[in-house]
Amino acid sequence: MRKGSIMILTLMTALTITACGGNNAGSNASSGNNAANGGEKTPAEKVEISISSWGAPDERKVFEAVLDEFQKANPNIKVKFIHIPNDYTTKMNTMIAGNSAPDVIFTSDGDFPRWVKQGAFLDITEHVESSDKLDLADMWEGGLNRYRYDGKITGTGGYYALPKDIGPTVMYYNKDIFDKLGVPYPSAETPMNWEQTLEMWKKLTVDENGDGKTDIYGAGPVWWEGFVWGNGGALLSEDRKQFVLNEPAAADALQFIYDLTTTHKVIPDSRALQSMNDGQMFEAGKLATITGGRWMVPTYRKLKFDWDVAPIPSGNGTWTNGWSGSVGLGVNAKSKHPVEAFKLVEFFAGIEGQTKMTELGFQIPNFKSMSDDEVYTQPGQKPEHPEVFVKAGEGQQPGPWTYLPNGKWLDTLNQNLSKFWTGKESAADFFTKLKPQIEKDLKEGNPELFQ
Amino acid sequence: MNARTKTVKRKSLYRSEMWWGFLFIAPPFIGVLVFLLYPLVNSLYMSLTTFSFGQPAEFTGIENYNRALTNDPLVWKTLWNTFYAALGVPIGMIVALIVAMLLDRKLRGRNFFRMLFFLPTICSMVALAMIWQWIFNADFGLLNYYLSVIGLNPPAWLVDEKWAMIAIIIQGIWGGMGVSIILYLAALGNVPSSLYEAATVDGANGWNKFIHITIPGISPVTFFILITSLIGALQDFPRFQLLTGGGPNYSTTTIVYYLYTVAFEYSEMGYASAIAWFIGVIIMLVILINFLLSKRWVHYN
Amino acid sequence: MSTQTTTARKEKTSDVLAKTVVYLLLIAGGIVMAVPFLWMLSTSLKPEGEVFSYPPQWIPSTIAWENYKLIFTDAHMIRGFFNTMIVVIPTLVIGLLVCALSAYAFAKLRFPGRDKLFMTLVGTMVIPGAVMMIPAFIMFKSFGWTDSWKPLIIPGMFGAPMTIFFLRQFIKQLPDELEDAAKIDGMNPFGIFMKIIIPLTKPAIITQGILSFNAGYNDYLGPLIYLNSPEKYTLQLELASFSSYYVTEWTLIMAGAVVALVPTLILFAFAQRFFIEGIALTGIKG
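Chains as they are written, first to last, in this note's numbering: chain A, 12 to 462; chain B, 352 to 652; chain C, 245 to 530.
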């Protein structure tokens, strides 16, 4: 669920949808609401709605169990489940464009901005705010806000989907390596600062057989966005019109990462920063620590060595040190049964669905109040410090792929980063030079932002 | 008199042959009309508009083409990458011909070898891409492990701007060879052995036979492989997507991969269609040139 | 007499030498071909935590047969296989016949605009399919064909330009005299096609048959887009369900890929003797 895979196969929508702004969709929703109020008085007719999702067999089983419970609780609603094995985005692009999308649309937070701009989702603000199953104050802000859209940018405005889950990122560490090298475990309470981190990673980087090649590295590829945020920097300005990665706080963070690889050599090689496969190096015991999301827990539980989690290092000690992943559920703007569809969305996002799905171990629950619950902490199973994820979930932000409907600026940035990691230019210079190109992409791809 | 009846007969034969001909080629054309024409025309029309899902499309004439040709450096960069990647076509054809010639003889275990070379063709591309990613992994991959065991200092392959495309070309030759090999095997078997026997009697050596009998004999199939591989290579992209995601620094983004991104990631279907027709015209030109040149080197009899 | 034996022996030694060289080349090439597959096989038999151990470990510490069991219990492999056959076989049989007929027309029959029409057909392949995906979906939807096998079966029955092109190349090579003789006997083009062309191009047709079967068998995008109901899913869709959004189950994906190879391999082994051994053109052209 790294950016690449989200971005790779992507979207498209309604050939026939006319411009469908927030207001327009909003009125649909309220008319749906009225219909429901009327509907409650007359005897309920059996309604069939459809929902699609992806997922491996074990996820699928849990998903189907949630659907069963929902149907038991709502005997007048029958749910048709379309399981899409893989390449979900490609399939959904076509379905939305062909007006055959299911009533409830699953969406990754990376697909959401495009689909919402294209009018695929119904504005469900009223339903969300009046729901008695969703205590918004008890939900993670970072999870909720990424599914809001104001017609220009995400993060603010009406609700168009609700999080099915939120998956914060942390630093996983291989305890066996720490023990072997006599390095104390990192704190689960507070993020380490850069100096402490560098010192720790240096101790963990070793050439065991003396052949001049490093056998174990202190850290795997660093997820640079978190380092930028954790130092008070940002990628884009607040209004998302400007590229600000060249400003001191951000540039310092990128320079620090550059030095980690080229000067201190505690990360495999600058080239490994781009490789998607490096989670495998951690599994192979070649990395003492690695950045990773909550969703890796079920996989890592099968590893042979002992491991735990700690906060991602942060330049200024805050928990805004990484991005959290998420998958959301929205109501199809074309749905004939918006009220029933919303009920299903609510069920997944609410306590009932969350309890069931948290068992899988991929996510932390949507509700702050559930984070001490044994459903989540799963005592007896790794990691020993599951609360690290909860704190991370509270502080972390959505990834930059959730910012705007058109993500060409981010592709340009990512493709150019490889030049930076392997080049000789200082971060400040490099990103200052890149600024005009990125801002051109921002403008071309998101004209509504500049109107 | 006799001659005249013959021409008359020929003519009527020709007329009826004409109708038979039209009848025989009708199904593929009906197929094109029913299943392809609409999508084709639709994409051509979209290329003249600002079509982007959910937004009203505006007719802008050749503006998209203008943008692609004059105001989008990525179009040219990815076009260049595409032709670079297509270098794998001639290399792959030569390797395939050599392997096919090795296999076109009585040998123990030749069925086994034929199957081995054909394996990549029949295997799931996704699984293969995963395996190759692992093989090419810079620090912990199979290839670099063995290269460093024999004392070489191997490159970072997929993550090195200079090597990524070379790695993908190698993978492409490995994966695409199987089809060319079995097509060549069918062609080699089609060259009458009597020709070789006659040449042997005349005292020709193996090389002469290869140049004067084999090469012309298989030229129709060579031509077919060339054309279809070129079309395939100039439109290739899923491999690139799976192996490198187009990076580093766009060094392995092909033009069709780019237009796919424009269409489905940036939702600019109109612009993507214009790029598609642009590359379509280029491919058509490449094919036409090859058809014209083919008269010089392709022998059907 | 003695000189003759020497030459014979000489020939023999050079023969042995040539054969050795051929074998060495084939074995070297074979290793390059086989390594990724051996790695695939090895991965498919590994317990999950062991997939990425380094240095590379070829023999798993314990053979995890359960991976193979899992793919059959977690996915409907058998049902998927039969669905794939339903999709592939009608297209294959009818499509090949249609292609061979039009290839024959393009290669041998005389009619106005023949070569231009042929170029047109080849020209339909030049526009990248990505931009036609959505219009095609909408078109098939208007036919009422979504969530059915029809979009996967019916278009293929009208022939594929690629196959027509290949068969045309083959038929063009056949000597005209054969048909001329048949024409004089009063046979019509369809008769000539059935009695003369088909038998002579059998190897080429079977070769194309294998390739078309393989293309249909491995098609993923088509079934993905058009099918919604799990009971209609083809094998490739079933196989794809081992990667989730979060994690990739390497061992299962590899086991699935290995199992999926088997039917095509059997077909290939079976067809080999037809399409490679069965060529009997010798003497016809001479």
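Fair warning: there could be bad hints in the mix.
Label-pair restraints from in silico Cβ distances [unchecked claim]:
1. A:D226 / C:L269: 26 to 32 Å
2. C:L269 / A:E219: 51 to 57 Å
3. B:R647 / C:G435: 48 to 54 Å
4. A:K224 / B:I640: 49 to 55 Å
5. B:R647 / C:I271: 24 to 30 Å
6. B:Y651 / C:T368: 57 to 63 Å
7. B:N556 / C:I271: 52 to 58 Å
8. A:E395 / C:P474: 25 to 31 Å
9. A:E455 / B:A377: 45 to 51 Å
10. C:T368 / A:E455: 53 to 59 Å
11. C:G435 / B:G557: 19 to 25 Å
12. C:V506 / A:N87: 28 to 34 Å
13. A:H275 / C:I271: 44 to 50 Å
14. B:L644 / A:K224: 36 to 42 Å
No wet-lab data here; the hints were simulated from the structure. This one's a predicted model, so the numbers in the text were calculated from it and none came from an experiment. Even for Gly, the Cβ is constructed at its ideal location relative to N, Cα and C.
Checked hints:
1. A:D226 / C:L269: 26 to 32 Å: Check failed, 38 Å falls outside 26 to 32 Å.
2. C:L269 / A:E219: 51 to 57 Å: 41 Å, violated
3. B:R647 / C:G435: 48 to 54 Å: Because 36 Å falls outside the window, the suggested range is violated.
4. A:K224 / B:I640: 49 to 55 Å: 51 Å Cβ-Cβ, so the 49 to 55 Å window holds.
5. B:R647 / C:I271: 24 to 30 Å: 38 Å, violated
6. B:Y651 / C:T368: 57 to 63 Å: 24 Å, violated
7. B:N556 / C:I271: 52 to 58 Å: Cβ of N556 of chain B to Cβ of I271 of chain C: about 26 Å, so the range 52 to 58 Å is violated.
8. A:E395 / C:P474: 25 to 31 Å: 40 Å, violated
9. A:E455 / B:A377: 45 to 51 Å: 47 Å, holds
10. C:T368 / A:E455: 53 to 59 Å: 33 Å, violated
11. C:G435 / B:G557: 19 to 25 Å: 42 Å, violated
12. C:V506 / A:N87: 28 to 34 Å: Since the Cβ atoms of V506 of chain C and N87 of chain A sit about 47 Å apart, the hinted range of 28 to 34 Å is violated.
13. A:H275 / C:I271: 44 to 50 Å: 46 Å, holds
14. B:L644 / A:K224: 36 to 42 Å: 52 Å, violated
Consistency note: the structure conflicts with the earlier hints numbered 1, 2, 3, 5, 6, 7, 8, 10, 11, 12, 14.
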